[in-house]
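*Asks:* Residues per chain are reported as follows:
4 protein chains.
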Amino acid sequence: MRKILQCSFVFSFLVFVDLYGVAAAQTAPFSSPGMQVDQSHTALVITDPQNDFLSPKGAAWNLVKDSVAENHTIENIELLLKTAKKNKFKVFVSPHYYYPYDQKWLFGGAMEHVMHDIKMYQRKGPLSLEGFQGSGADFLDKYKPYLEDGQTIITSPHKIFGPEANDLVLQLRKQGITRVILAGMSGNLCIESHMRELIEQGFEVAVVHDATASAKINGLDGDKAAKTNFRMIANASWSTRETIEKMKSIQR
Amino acid sequence: MRKILQCSFVFSFLVFVDLYGVAAAQTAPFSSPGMQVDQSHTALVITDPQNDFLSPKGAAWNLVKDSVAENHTIENIELLLKTAKKNKFKVFVSPHYYYPYDQKWLFGGAMEHVMHDIKMYQRKGPLSLEGFQGSGADFLDKYKPYLEDGQTIITSPHKIFGPEANDLVLQLRKQGITRVILAGMSGNLCIESHMRELIEQGFEVAVVHDATASAKINGLDGDKAAKTNFRMIANASWSTRETIEKMKSIQR
Amino acid sequence: MRKILQCSFVFSFLVFVDLYGVAAAQTAPFSSPGMQVDQSHTALVITDPQNDFLSPKGAAWNLVKDSVAENHTIENIELLLKTAKKNKFKVFVSPHYYYPYDQKWLFGGAMEHVMHDIKMYQRKGPLSLEGFQGSGADFLDKYKPYLEDGQTIITSPHKIFGPEANDLVLQLRKQGITRVILAGMSGNLCIESHMRELIEQGFEVAVVHDATASAKINGLDGDKAAKTNFRMIANASWSTRETIEKMKSIQR
Amino acid sequence: MRKILQCSFVFSFLVFVDLYGVAAAQTAPFSSPGMQVDQSHTALVITDPQNDFLSPKGAAWNLVKDSVAENHTIENIELLLKTAKKNKFKVFVSPHYYYPYDQKWLFGGAMEHVMHDIKMYQRKGPLSLEGFQGSGADFLDKYKPYLEDGQTIITSPHKIFGPEANDLVLQLRKQGITRVILAGMSGNLCIESHMRELIEQGFEVAVVHDATASAKINGLDGDKAAKTNFRMIANASWSTRETIEKMKSIQR
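Protein chains in written order, with the working numbering: chain A, 54 to 305; chain B, 54 to 305; chain C, 54 to 305; chain D, 54 to 305.
Treat the hints as calculated values from the structure; they're not laboratory data.
Keep in mind that a hint or two might mislead.
Just so you know, same-sequence chains aren't split out, so a pair can sit in one copy or run between any two.
[Said to hold, decoys possible] Taking lysine to aspartate or glutamate pairs in the EDC-like style, the calculated list, with each CA pair at most 16 Å apart, reads:
| # | residue 1 | residue 2 |
| --- | --- | --- |
| 1 | LYS110 | ASP91 |
| 2 | LYS177 | ASP202 |
| 3 | LYS197 | ASP274 |
| 4 | LYS195 | ASP170 |
| 5 | LYS177 | GLU201 |
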């Protein structure tokens, strides 16, 4: 790996662990590899920028609203979209839609059941837009100027949490993208599954940790889990501010 | 979905949320869909039962040893193996090996760098076993009677955290397995990535939350993150004791 | 493998090859493993039942019309749909759509270029149906009663030839399907890529060799190539007549 | 797509088709998009360069020997390896191995059954090399200097025909490879499935049509089927001679 300088800190940390054991391991920092940003090979990917998460009338609003407020998620996603468009980064959206036959799946995990039960992302069918406009499945109004400009690539819907069952990976590859700036909803479910899958597919991924938010439910803090795993797994876990600085600076 | 009885609790909870909002959301339980267990369609899958994690001489021992102690991971994995074999469940192992050319990868995420830097799971090559016996990459001695009985299916190595780049999914399908009991190392990295990918591939997954353990490093608690996500994502998050009871009971 | 009886013929053939070499290899039959058919685990999957292939006004009609005529493809697909619906088999469609940004892909293979150049499967966007009705991307009118009955599962579009970038595999798994009867357009491109991918994902696949058709172009006979590979790769390569008999007989 | 010049021929051909119909379609050439070759982003990928296919004592020799002779496959693969190494192209091998538990798969397609029945690629297990040296599963002796030089990346085995269940895609991505020169055994099975899957994963692929060979069995000509599909699907279908010229020329 190319990490001569950036990882010297990790090396010294690891020697330290080896000599002094777990106390050191629990207190010493470990460094992020970082990720380069350029317009040719880097894209902004947004998952689920939809009313069901980000509008007070959305089906999952109550599950995520505390985390949305803490992270300033709504504003931060908009800042990312605005900066990407202004600086000519390609933007991809991986949305989440469910059709009537998805309600008849024979099995599913815990939050899958919740998504179906509270009727998130409902559409009449893949070839119907009846009732879609302004629904929980639709994009947040304030994002539409960025998402519906004819340039943003809107992939097929992911169906559980990750992009395994849609065309995000292919669309990125067909545009020459190898590095992804990842943001959107929700943190420990769709963002984290997108992060993990993109990394397994050989992309570099920087997650914007405050341009997402997660459910807090039954004593479980999805936001904290997500931020832990972003730090451990991604190439970088940046704030919106840091991300914007990087996107702007390459223009100079 | 088939959830007539099992999910009535979720339904009542969700009505509750709708009426009373986030305070309810944060305190009311949400239920697990659960998972049936039978020998024909259910298998035990163990990730990384290797010395680098589970032996005090292992390369990553210092990162996980607190969590290993808290969860009684070593004993619990053995209990699962013993119970599975005694009750004729199929057992699959998804191991982790790195070869010299993997050290030359051009990029990687944070814990990927750590794994390469501390030289985890090192082997001389895919067609060499020189120095393998008893190394960090080898299985824990106490598990070998179960793993090397000629019946346990040992897949090709996963290469980051999930099974996307090995034959686990295919091996499960070719044996008619549709439900996975998942345990092994480490919780928020390989177990969680296996859980997420298997679910995206249409399996039902029950994670054994105390037959795994995770790194605690730099203020990040991988074990807590993992347990949060097991609860939210899997079909079930069981203790070793619960899992063993289920595996035994179908024999009666 | 379970093939005690069904493969005895293969065994005797192979002994024969071993003794008498290539002359035997080129003349002796090799047997098909076959595939069981039942409504719970077997589904009909149709790819690209769209005007661009099957209507004389379609963009690719000239490339495939000879093969369509020879195979009686249009009628055979309808017979399969009718039989499947009447006998309560689940039906899945994996369609092919291209959006304006797909035209900007940076690279592609030979027939990919052709598909873009002759403007196959064009839609205005994933969230627009403007101009869709009756277009080359739309379903053949005579199939619509079967495909738009609210029961047929229409997956997201595949984007090259196989289902790697859509949700077909997941939708099949979520409905408990493990065996696929595969038909549709075109034979050596989308059908063959679907057959290969479904088999790699651990499904059993029977291809209906005359409910498909392929391009004949520049001395290349896609239909012959497809039929060769169906025989060598699938669990079974059936005629429409044989397939219908199997689907009907399980009702008795 | 960027094809301004290279595809003008396709455009004129297609206009021709539109005006004059199928007669034109069957006689006019359609062009290949071609593929650039450079050492940073282009690699040579060889599938199954193993005795079972390429040695007269190999288990499948009788099935492929006519095609091997016609294509000069053995020499051509060696020429590619030699040229790649001399000109500093990265080389990847995707081998094929079966272990005892693979013999117990519950189902499989036609040639899958044949592979198991004639005991191709047999090894004692993934962690055993007992009896491997010189066996049908081992590499052809004359290729070993190239494949065992410590630089060639040997992936985990593919298990049916494509690379879906091994780490080839990840290994290519982790080395920055986006274009693949593909050769090896056998043409309409593993090479074609590798070609299709790599293209679905967003790689450019040039197949070397005479550095492969295919089974001819029971009146089925795998070589012809493969060559048809290489022409229709890949970015380019080159002879060994053409491929070598391209690899050499970038050195000048």
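*Asks:* Please flag the earlier hints that this structure goes against, numbers listed from lowest up.
*Replies:* As far as the earlier hints go, 1, 3, 4 are violated by this structure, in ascending order.
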